Amino acid sequence: MPKIRKNSWVGIFPEVTSRLGNALKSLRFIAYFTVGILFVGGIGVWLPPLIDADGNISWIESQSVFTFSVAILGTLFVEGFLSKSNQQNFAALGLIIGIIAFITSLLGYVFCPSGLSIAVNIGALISLLLFLMANVNDPRFDDDDEEIVASSTGYKAANADMIKDNS
1 MPKIRKNSWV
11 GIFPEVTSRL
21 GNALKSLRFI
31 AYFTVGILFV
41 GGIGVWLPPL
51 IDADGNISWI
61 ESQSVFTFSV
71 AILGTLFVEG
81 FLSKSNQQNF
91 AALGLIIGII
101 AFITSLLGYV
111 FCPSGLSIAV
121 NIGALISLLL
131 FLMANVNDPR
141 FDDDDEEIVA
151 SSTGYKAANA
161 DMIKDNS
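Here the sequence shown is numbered in UniProt numbering, starting from 1 and rising by one per residue.
For the record, the hints were derived by calculation from the structure and aren't laboratory data.
Bear in mind that the values here come from a model prediction, so they are computed numbers and not experimental data.
Incorrect hints may appear among the rest.
[Unchecked claim] In silico DMTMM-like cross-links for lysine to aspartate or glutamate, where the CA-CA straight-line distance does not exceed 25 angstroms:
| hint | residue 1 | residue 2 |
| --- | --- | --- |
| 1 | Lys84 | Asp138 |
| 2 | Lys25 | Asp161 |
| 3 | Lys25 | Asp165 |
| 4 | Lys25 | Asp138 |
| 5 | Lys84 | Asp161 |
| 6 | Lys25 | Glu15 |
| 7 | Lys84 | Asp165 |
| 8 | Lys25 | Glu79 |
| 9 | Lys84 | Glu15 |
Turn these sequences into a full structure, and let the hints steer you where they fit.
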């Protein structure tokens, strides 16, 4: 009898929409992403044109954006390699999208190493979206006021060791 594989695509779209929703709901994640990743992490992209008195550097310089994109993808690759995620299908899709982002950025950089490259910028945007999807559900972005509601026993969780038979 031939092997019939389970459909790996089931649940991917709801997972993506759930993660996008979580990104928009968490002020901590929004602050982390905008300040930590875009502002501080992207300083090599936006600072050189600001301090260039001659105006020779374009605002989205191909070399700077390519380096930024590769740094994000490299971090995600190492993080994915070291993690023990139970969402293997989502991680596999992330790997495929990451390779597409890398190839897009690389080709854009090879054909336009300086100035503005649309392909490098598209690869960087895909990399940022991939970073967002990979990190948005991290527990450090959860609100502290999300308390566990007490169960019917009056405790947050039932403890089987405390149950005694009095008969």
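Quick rundown of the hints versus the structure:
no.: 1; hint: Lys84 x Asp138; result: holds (14 angstroms)
no.: 2; hint: Lys25 x Asp161; result: violated (38 angstroms)
no.: 3; hint: Lys25 x Asp165; result: violated (46 angstroms)
no.: 4; hint: Lys25 x Asp138; result: holds (13 angstroms)
no.: 5; hint: Lys84 x Asp161; result: violated (31 angstroms)
no.: 6; hint: Lys25 x Glu15; result: holds (15 angstroms)
no.: 7; hint: Lys84 x Asp165; result: violated (41 angstroms)
no.: 8; hint: Lys25 x Glu79; result: holds (24 angstroms)
no.: 9; hint: Lys84 x Glu15; result: holds (18 angstroms)
In this structure, the earlier hints numbered 2, 3, 5, 7 are contradicted, and the remaining ones agree with it.
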